[in-house]
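Just so you know, the protein sequences line up as chains A and R, in that order. Counted the way my numbering counts, the first sequence spans residues 1 to 81. Counted the way my numbering counts, the second sequence spans residues 82 to 315.
Just so you know, these hints were derived from the structure itself, not from any lab. The model shown is predicted, which means the values in this text are computed figures rather than measured ones. Cβ atoms here follow ideal geometry from the backbone N, Cα and C, with glycine treated the same way. Any given hint could be a false lead.
Taking lysine to any residue pairs in the SDA-like style, the calculated list, with each CA pair at most 20 Å apart, reads [unchecked claim]:
#, chain 1, residue 1, chain 2, residue 2
1, A, K11, A, D53
2, R, K188, A, V37
3, R, K188, A, P17
4, A, K12, R, E230
Chain A residues, not near chain R, derived (Cβ > 12 Å throughout) [unchecked claim]:
#, residue
5, R3
6, R5
7, R20
8, G30
9, A32
10, V34
11, V50
12, D53
13, P70
14, E73
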Amino acid sequence: MPRARVYVTLKKSVFDPQGRTIHEALRSMGYASVADVRQGKFFEVDLEGVPPDKAKETAEEIARRVLSNPVIESFRVEVEP
Amino acid sequence: MGVVVFPGSNCDHDAYHVVKHVCGQEARFVWHKDADLSGLDAVILPGGFSYGDYLRTGAIARFSPVMRAVGEFAARGGPVLGICNGFQILQEAGLLPGAMLRNRGVKFLSQPVHVRVERGQTAATEGLRVGEVLTMPIAHGEGNFYVSEEELDRLERQGQVVFRYTTADGRLDEAANANGSARAIAGVCNEAGNVVGLMPHPERASELRLGSADGRKVLESLVRAAQARALQSV
Numbered sequence: 001m002p003r004a005r006v007y008v009t010l011k012k013s014v015f016d017p018q019g020r021t022i023h024e025a026l027r028s029m030g031y032a033s034v035a036d037v038r039q040g041k042f043f044e045v046d047l048e049g050v051p052p053d054k055a056k057e058t059a060e061e062i063a064r065r066v067l068s069n070p071v072i073e074s075f076r077v078e079v080e081p
Numbered sequence: 082m083g084v085v086v087f088p089g090s091n092c093d094h095d096a097y098h099v100v101k102h103v104c105g106q107e108a109r110f111v112w113h114k115d116a117d118l119s120g121l122d123a124v125i126l127p128g129g130f131s132y133g134d135y136l137r138t139g140a141i142a143r144f145s146p147v148m149r150a151v152g153e154f155a156a157r158g159g160p161v162l163g164i165c166n167g168f169q170i171l172q173e174a175g176l177l178p179g180a181m182l183r184n185r186g187v188k189f190l191s192q193p194v195h196v197r198v199e200r201g202q203t204a205a206t207e208g209l210r211v212g213e214v215l216t217m218p219i220a221h222g223e224g225n226f227y228v229s230e231e232e233l234d235r236l237e238r239q240g241q242v243v244f245r246y247t248t249a250d251g252r253l254d255e256a257a258n259a260n261g262s263a264r265a266i267a268g269v270c271n272e273a274g275n276v277v278g279l280m281p282h283p284e285r286a287s288e289l290r291l292g293s294a295d296g297r298k299v300l301e302s303l304v305r306a307a308q309a310r311a312l313q314s315v
């Protein structure tokens, strides 16, 4: 069964309050080397009865229509057969 | 008036109560699986946590059957008011611009705020004066309004900014913009002005014994907008 991995992240131009908070916490813990943190979402989508070449298309459609909001987020899809 | 109920709505009864018992209007609940809005002059999408706000606020609710009907109702000019989570659902459905980010300070905010009316003659401000300041509570974790700079300029030009967070005397002040919204935007409308979303809760501030009755003005605006439209169609 093909498995799609969908990574959804806030666009670079969008402020990420959660990432900022995590960043500040890491700095206060002594991780001075941490320059930035951005938080995102990760989905594993198992697709049944879909040939691997079609799986990417389907996963991209799902990512575009549902898993991400184009106003604030972008996404990347990887498919393993 | 119809009050849409999604699984996880929690301000539906408050909205129903104010419309029916405070404004004296006929009201009925509309279950999100119903696609029948017949006989309704206006629709309210209430606050809450539809589908637990899983994925993103409003992201799953916007695929409910009722949303197709709400889209058609709005396209025919029907007044639609989205409050808090209802606003987020309208954004996800593409009926209102922008998206909500987590509040600037990450925390859930539950407090009274002041908002200034930036535009009259919308479903939420029919009969209200531009510059009027209303006091209502907010209660949200994701109310940090965002759109790109170009889109913000477009919204301002087209008069789609309906409410802005201000001080009690109507001044813009970063401290008054608790969630960090772009240009302190608390509410917007579509191009026609018949679909409005706002983050503060008018239904929680419609009776003086609850601290403020300013929210009643917003819901009475919705009544006026519905009546004006009913007259047009006669």
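Against the structure, the hints come out as follows:
For a cut-off of 20 Å, the pair hint linking K11 of chain A to D53 of chain A is broken: about 27 Å separates their Cα positions. A hinted pair counts as satisfied when its Cα atoms are at most 20 Å apart, and K188 of chain R with V37 of chain A qualifies at roughly 18 Å. At roughly 10 Å between alpha-carbon atoms, K188 of chain R and P17 of chain A fall within 20 Å of each other, so this suggested pair holds. With a C-alpha separation of about 14 Å, the suggested pairing of K12 of chain A with E230 of chain R holds against the 20 Å cut-off.
Every CB of chain R is more than 12 Å from the CB of R3 of chain A (nearest about 19 Å), matching its label as outside the interface. The claim that R5 of chain A lies off the interface holds: its Cβ sits roughly 16 Å from the closest Cβ of chain R, which is beyond the 12 Å cut-off. With a least CB separation of 8 Å from chain R, R20 of chain A falls inside the 12 Å interface cut-off, contrary to its annotation. No Cβ of chain R approaches the Cβ of G30 of chain A within 12 Å, the least distance being about 22 Å, so the stated non-interface status holds.
The non-interface label for A32 of chain A is consistent with chain R: the shortest C-beta to C-beta separation is roughly 22 Å, beyond 12 Å. Every CB of chain R lies more than 12 Å from the CB of V34 of chain A, the least distance being 18 Å, so the non-interface label holds. At roughly 21 Å from the closest C-beta of chain R, the C-beta of V50 of chain A stays outside 12 Å, upholding its exclusion from the interface. D53 of chain A, annotated as away from the interface, keeps every beta carbon of chain R farther than 12 Å; the closest lies near 27 Å.
Non-interface status of P70 of chain A relative to chain R is broken: a Cβ of that chain comes within 12 Å, the nearest being about 9 Å off. Here E73 of chain A does not stay apart from chain R, with its beta-carbon only about 8 Å from theirs, under the 12 Å limit.
When each numbered hint is compared with the structure, violations occur for hints 1, 7, 13, 14.
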